[in-house]
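Novice: Residue strings, one per chain:
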Amino acid sequence: MRWIPRKVEFFGLLEQQAEIGLKGARMLQDCLQEFGSPEAVYLASKQIHDIEHTGDDLAHKVVDLLNKTFITPLDREDIHQLTIKLDDVLDFVDLVAKRLVTYRIEKPTAQCIEISRIIVRQSEEILEAVKLLRDLKRGDRLLQQCARINQLENDADQVMRDALTDLFKDHDRDPIDVIKWKDIYEHLEEGTDKAEDVANILETVLVKYS
Amino acid sequence: MRWIPRKVEFFGLLEQQAEIGLKGARMLQDCLQEFGSPEAVYLASKQIHDIEHTGDDLAHKVVDLLNKTFITPLDREDIHQLTIKLDDVLDFVDLVAKRLVTYRIEKPTAQCIEISRIIVRQSEEILEAVKLLRDLKRGDRLLQQCARINQLENDADQVMRDALTDLFKDHDRDPIDVIKWKDIYEHLEEGTDKAEDVANILETVLVKYS
Amino acid sequence: MRWIPRKVEFFGLLEQQAEIGLKGARMLQDCLQEFGSPEAVYLASKQIHDIEHTGDDLAHKVVDLLNKTFITPLDREDIHQLTIKLDDVLDFVDLVAKRLVTYRIEKPTAQCIEISRIIVRQSEEILEAVKLLRDLKRGDRLLQQCARINQLENDADQVMRDALTDLFKDHDRDPIDVIKWKDIYEHLEEGTDKAEDVANILETVLVKYS
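Protein chains in written order, with the numbering used here: chain V, 1 to 210; chain Y, 1001 to 1210; chain Z, 2001 to 2210.
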């Protein structure tokens, strides 16, 4: 047990988590945008799963560090929650990649590519926001980042609505197909929701420390 | 930064949030009960969305006030959580109204009207409960309110179960229709779950302050 | 209001909650494994519901005790959260049992039996973990338990994926059947997620007290 604040280590790990989350989100977007053969999609999903695994390891490092540290730079519970929710975003990215394989998706829809793009943008904003944790005096900028992450979640809701309208418009559509796509859209949207959860925790931190 | 407790402002804003939530819930119930033409339903969904927007603004005001206030009448985190969950109930009310449009629903089922009524009743109990926050010495009454909100969530579960039994009973039912209604029921039920979350937070507050 | 720590009572109630949770999980597994007539399944679902009711009563006792106790053996919020999440696992077990009746399921799949087994194993680990709360100096063992609960959740994800692959493989499958099974799998998986939430809270407790 070291008694000095390990501020640098904590913020470093959270930033790594945010970076790996962004990496995973970009890989999903690339996979959807340049949709290849079933083998290519399978390979991409395996690579995203490896990224997710790296993310898990980082999350465990944060928990271990929490257990070894007496004075933490932010409330323990907030660091713990932040780690869990950062991990959740990546989990949903990983889940969607796996569903593409499970459901033998042949061609992604425009809206599913669009939502994956929104998750990339949210992940970029999250990385910026997590970097701002080192200096909470710049609370205004952090609040702005959070507002952007939330706005992107609203955008995703709108795309999701358009996607569902398209999906249910065509009366001859195969119901099994509808089930698959509805599921993929919902999991993508849950990813954007978890990003919003990250923003909410960052706001909570600001509320306490500013 | 003002250093005096802004008790009045906080409780006022939370009550406004509870009031706007009740308003939105009533509009959804009205929309379902007096189900009109597609245009009428579209218009109602737009009006509910405006209400949801007003709710968002109130939630942001609470967060802003938290950031400007040194001594809060309840724990910062509890106020923050309460604001988020109050907003969540209204979000699901808004989501269901939008789904009615997206899915081109032609006629609401008895059970969907029934669950919307339950959300109205929960919202009424929530408003009463939030008003009781001003005087935590009346903890017994607040606990009663929470018990009622939870009981209503149980009632909604039962209605949901009856609704699903009906939905899957008819073997000739169009699967697309089943997908739509299952989705609407689930979102209505999530609304009642979020109301239960509000009750859980209020219980937490009582646990701390009584 | 008694001013002495009621450590024994709190830990006793939480253990009872964990025990009743395990009992419910085992009843669901038995029901699925020795799947009987519709009447037998209905009866089993009623018995599981009674168990769930007993679980609710225990959860209320914890909240009541929190309200009557000045000094709690762990943070009030953590005890409250633990009680809620322990109850959530049992709620999903109960929900799945009810869905078997609602959907008139005739024969359970191998994977649904498998996930119910995983919930039993998680519940066993949870009971062990809750027992360890009495002596937080054995933090290493508690962390091990949490790691096992999380690993079991990962296992359930894999089984769920195999189940979905099977479900969507057969092109002639009745879409209504697909909807039913997808729903049951998802609720089983949510049960394992709630067990993971329990592990996360236990980790949080360790993070604070060790």
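Since the hints were made in silico from the structure, they are not lab data. The beta-carbon is built from N, C-alpha and C at its ideal position, and this holds for glycine as well. Among the hints, a few may not be true.
[As the list claims (entries may be wrong)] FRET-style restraints, in silico, Cβ to Cβ: (1) Z:D2166 x Y:G1036: 39 to 47 Å; (2) Z:H2053 x Y:Q1047: 35 to 43 Å; (3) V:D75 x Z:H2053: 35 to 43 Å; (4) Z:D2050 x Y:D1193: 50 to 58 Å; (5) Y:E1190 x V:R141: 27 to 35 Å; (6) Z:D2170 x Y:D1162: 28 to 36 Å; (7) Z:Q2151 x Y:D1170: 36 to 44 Å; (8) V:D172 x Z:K2046: 37 to 45 Å; (9) V:D140 x Y:L1043: 36 to 44 Å; (10) Z:Y2209 x Y:R1138: 52 to 60 Å; (11) Y:D1170 x V:R104: 29 to 37 Å; (12) V:N154 x Z:K2046: 41 to 49 Å.
[Said to hold, decoys possible] Example chain Z residues on the side facing chain V (calculated, C-beta under 7 Å, incomplete): (13) Q2158; (14) R2161; (15) F2168.
[To be verified] Output of the computed footprint for chain V on chain Y, the stretches with three or more beta carbons under 8 Å from beta carbons of chain V: (16) 1076-1088; (17) 1111-1119; (18) 1166-1180; (19) 1194-1201.
Novice: Take a look at whether the Cβ-Cβ distance between Y2209 of chain Z and R1138 of chain Y falls inside 52 to 60 Å.
Specialist: violated, 33 Å
Novice: Take a look at whether the Cβ-Cβ distance between N154 of chain V and K2046 of chain Z falls inside 41 to 49 Å.
Specialist: Roughly 44 Å apart at Cβ, these two residues keep to the hinted range, so it holds.
Novice: Using C-beta distances, would you say chain V covers the stretch 1194-1201 of chain Y, given that this needs three or more residues below 8 Å?
Specialist: Check failed, 0 qualifying residues.
Novice: Is 36 to 44 Å right for how far apart the beta carbons of Q2151 of chain Z and D1170 of chain Y are?
Specialist: holds, 42 Å
Novice: Evaluate the given range 50 to 58 Å for the C-beta pair formed by D2050 of chain Z and D1193 of chain Y.
Specialist: violated, 23 Å
Novice: Between the stretch 1166-1180 of chain Y and chain V, are there enough contacts, at least three residues with CB-CB distance under 8 Å, for the coverage claim to hold?
Specialist: Holds, because 4 residues of the stretch 1166-1180 of chain Y bring their Cβ atoms closer than 8 Å to Cβ atoms of chain V.
Novice: Holds or violated: 35 to 43 Å for the Cβ distance of D75 of chain V and H2053 of chain Z?
Specialist: holds, 37 Å
Novice: Mind taking a look at whether chain V covers the stretch 1076-1088 of chain Y? Criterion is 3 or more residues with CB to CB distance under 8 Å.
Specialist: Per the Cβ count (4), the hint holds.
Novice: How does the Cβ-Cβ distance of D140 of chain V and L1043 of chain Y compare with 36 to 44 Å: does it lie in that range?
Specialist: Holds, since D140 of chain V and L1043 of chain Y (Cβ atoms, about 39 Å apart) stay within the stated range.
Novice: Check the following: the C-beta atoms of D1170 of chain Y and R104 of chain V are separated by a distance inside 29 to 37 Å.
Specialist: holds, 30 Å
Novice: Given Q2158 of chain Z as an interface hint, is the shortest Cβ-Cβ distance to chain V below 7 Å?
Specialist: Cβ of Q2158 of chain Z sits 10 Å from chain V, so the hint is violated.
Novice: Verify the coverage statement for the stretch 1111-1119 of chain Y against chain V, using a C-beta to C-beta distance below 8 Å and requiring 3 or more qualifying residues.
Specialist: The restraint on the stretch 1111-1119 of chain Y is violated, since only 0 of its residues have a Cβ under 8 Å from chain V and three are required.
Hint check: violations occur at hints 4, 10, 13, 17, 19; the rest are consistent with the structure.
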